[in-house]
Amino acid sequence: MTSLTTKYIEIQGVEQTFKTRKGPFRALQNINLTVARGEFVALIGHSGCGKSTLLNLIAGLTTPTEGSLLCANREIAGPGPERAVVFQNHSLLPWLTCFENVYLAVERVFSETETKAQLKARTDAALAMVGLSAAAQKRPGEISGGMKQRVGIARALSMEPKVLLLDEPFGALDALTRAKLQDELLQIVATTQSTVVMVTHDVDEAVLLSDRIVMMTNGPSATIGEVLKVELPRPRSRVALAEDIRYLGYRKAVIDFLYTRQGHVEKAA
Amino acid sequence: MVSAVFHTTEAVLPASSPSPAGGGLGWGHAAPSSPVAANDAAAPTPALPQRGREKIPFDRRELWLKVLPPLLGLGLLALVWELVFMGTGGSIPSPRDTFAQALQIFSDPFYSKGPNDQGVGWNVLSSLKRVAMGFGMAAVVGIPVGFMIGRFNFLSRMFNPLISLLRPVSPLAWLPIGLLVFKGANPAAIWTIFICSIWPMIINTAVGVQRVPQDYMNVARVLNLSEWKIVTKILFPAVLPYMLTGVRLAVGTAWLVIVAAEMLTGGVGIGFWVWDEWNNLNVKNIIIAIFVIGIVGLVLEFALIKLATAFTFEEVKN
Numbered sequence: 076m077t078s079l080t081t082k083y084i085e086i087q088g089v090e091q092t093f094k095t096r097k098g099p100f101r102a103l104q105n106i107n108l109t110v111a112r113g114e115f116v117a118l119i120g121h122s123g124c125g126k127s128t129l130l131n132l133i134a135g136l137t138t139p140t141e142g143s144l145l146c147a148n149r150e151i152a153g154p155g156p157e158r159a160v161v162f163q164n165h166s167l168l169p170w171l172t173c174f175e176n177v178y179l180a181v182e183r184v185f186s187e188t189e190t191k192a193q194l195k196a197r198t199d200a201a202l203a204m205v206g207l208s209a210a211a212q213k214r215p216g217e218i219s220g221g222m223k224q225r226v227g228i229a230r231a232l233s234m235e236p237k238v239l240l241l242d243e244p245f246g247a248l249d250a251l252t253r254a255k256l257q258d259e260l261l262q263i264v265a266t267t268q269s270t271v272v273m274v275t276h277d278v279d280e281a282v283l284l285s286d287r288i289v290m291m292t293n294g295p296s297a298t299i300g301e302v303l304k305v306e307l308p309r310p311r312s313r314v315a316l317a318e319d320i321r322y323l324g325y326r327k328a329v330i331d332f333l334y335t336r337q338g339h340v341e342k343a344a
Numbered sequence: 005m006v007s008a009v010f011h012t013t014e015a016v017l018p019a020s021s022p023s024p025a026g027g028g029l030g031w032g033h034a035a036p037s038s039p040v041a042a043n044d045a046a047a048p049t050p051a052l053p054q055r056g057r058e059k060i061p062f063d064r065r066e067l068w069l070k071v072l073p074p075l076l077g078l079g080l081l082a083l084v085w086e087l088v089f090m091g092t093g094g095s096i097p098s099p100r101d102t103f104a105q106a107l108q109i110f111s112d113p114f115y116s117k118g119p120n121d122q123g124v125g126w127n128v129l130s131s132l133k134r135v136a137m138g139f140g141m142a143a144v145v146g147i148p149v150g151f152m153i154g155r156f157n158f159l160s161r162m163f164n165p166l167i168s169l170l171r172p173v174s175p176l177a178w179l180p181i182g183l184l185v186f187k188g189a190n191p192a193a194i195w196t197i198f199i200c201s202i203w204p205m206i207i208n209t210a211v212g213v214q215r216v217p218q219d220y221m222n223v224a225r226v227l228n229l230s231e232w233k234i235v236t237k238i239l240f241p242a243v244l245p246y247m248l249t250g251v252r253l254a255v256g257t258a259w260l261v262i263v264a265a266e267m268l269t270g271g272v273g274i275g276f277w278v279w280d281e282w283n284n285l286n287v288k289n290i291i292i293a294i295f296v297i298g299i300v301g302l303v304l305e306f307a308l309i310k311l312a313t314a315f316t317f318e319e320v321k322n
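Chains as they are written, first to last, in our numbering: chain A, 76 to 344; chain B, 5 to 322.
Take these hints with a grain of salt, some might be off.
[As the list claims (entries may be wrong)] Here are the simulated DSSO-like cross-link-like pairs (lysine-lysine), alpha carbons at most 30 angstroms apart as the crow flies:
no.	chain 1	residue 1	chain 2	residue 2
1	A	K213	B	K310
2	A	K237	B	K233
3	B	K233	A	K213
[To be verified] Quick list of the computed label-pair ranges, beta carbon to beta carbon:
no.	chain 1	residue 1	chain 2	residue 2	range
4	B	P73	A	G216	29 to 35 angstroms
5	A	E187	B	G301	48 to 54 angstroms
6	A	A192	B	L170	51 to 57 angstroms
Derived by calculation from the structure, the hints in this document are not laboratory data. Glycine included, each C-beta is placed from N, C-alpha and C at the ideal position.
Work the whole structure out from these sequences, hints included.
Now the structure itself:
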């Protein structure tokens, strides 16, 4: 049991090679990482470093060329609702209302054990959690980008996943909306105690949200360069942390890694 | 409308430019929040009638620009027609005579004096009936086949050479095969419509399935949806716009082909009517038939475009 809480997700010696027209392209190599239950881990790195590739591997959307991935001591053989993904571009189905988008997920996971009324209640609760009860009957085309991303989060959370995987969830949003959703995510994760792996390229986002920051080297053949433990007390407040000396220290450490040691993207590529 | 909107923003622009949100699209919305605009709001009475006075002439010009060019086009057609009428020494009837004849024909479109002499309404309806039957069968076969070909790469590779080979064949080349197999003019015509409608539907449906955004399929995979749910909740709505394009192309071709097919097979139908009037040397009726064919085709096309836009969701582009 103790091993499960400290090694909830276990990635061992993972390598990912893609076939391209110019021959094999090795995106990731020698990735070793464990994520504890209830931990919030951020993957950060320059674009093209394979962060999303690693997240897709954990989601099971792709299978590794080498190595193995375990979740709760079981090999990750394919995607499944226990590892919910919030996609970068929200990926809501435009012909369904917000309610129906979430209901599709709820129905898939709980329809065998619960009545229709319970499923509807779950959907309403998920939308309420992200503050979108009023927009439930609207289609994705009728709401803003931030609201869409919140529906995406509601859809993922409504499945009560063991692991929540976020692929640059706020990357396409403006700074103010992003900050608001980050705060909401902090609250939601605190109440649901979810295990979260989040891909980001935003240093502040990584430090504010996560327990550990996994910094990746530049691709091709990217790997984990450094892991930084963020030991800031929770609940965290954006405003209070802005002047916190430890926060600034963590921030500096990540920036150092990204821009001093891994800064020469053009030369490497 | 566009010019009217542009004019009001011009009036607001100097007031809103110092406000922080004044750039780009938000002119009209930015104005009330800016402190300068508050002064404007104190004196709205002189501004409003001015706008109202300007709007009327602009709308009139807009209306003219919408109505005038099509009218000119039709006028040009009538003029060329008149010239042809005079140039050919009356073997092509004049627009006025044809119009008079048309009024007479449309005063009683549904008469029936034996199989070879029926009203234009019956002719159009029986052509439409053939198109509907051939086209309906093509949809029933073609759309599922398109889905299968789009969904499974193996089938796509298997059928692509066949489709490429058969698609360019003129539908009328299939008419003798139809006559031979079905031993009747009517089923042969329906068969011809079937064969020419099926290709656009198969191809467009298959392309639509292949172009379903990978994001949606990833959602399906993460949720582990059943194949039935994938088809009903993701594939079908995503493919619908493509499918309707296929349907539109198919109906267009079918309406082209039915006229030719009926000329060859005879019976009741707009194509046969054209041929019959040619045998009677009744050129006025042939010209009327051309207009009828054009208008029916136009209506079919318009209806299907309306249907397609109703089912196209803006966000599919993402």
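For a quick check of understanding: which of the numbered hints are violated here, in increasing order? The structure conflicts with no hint, since it agrees with every one listed earlier.
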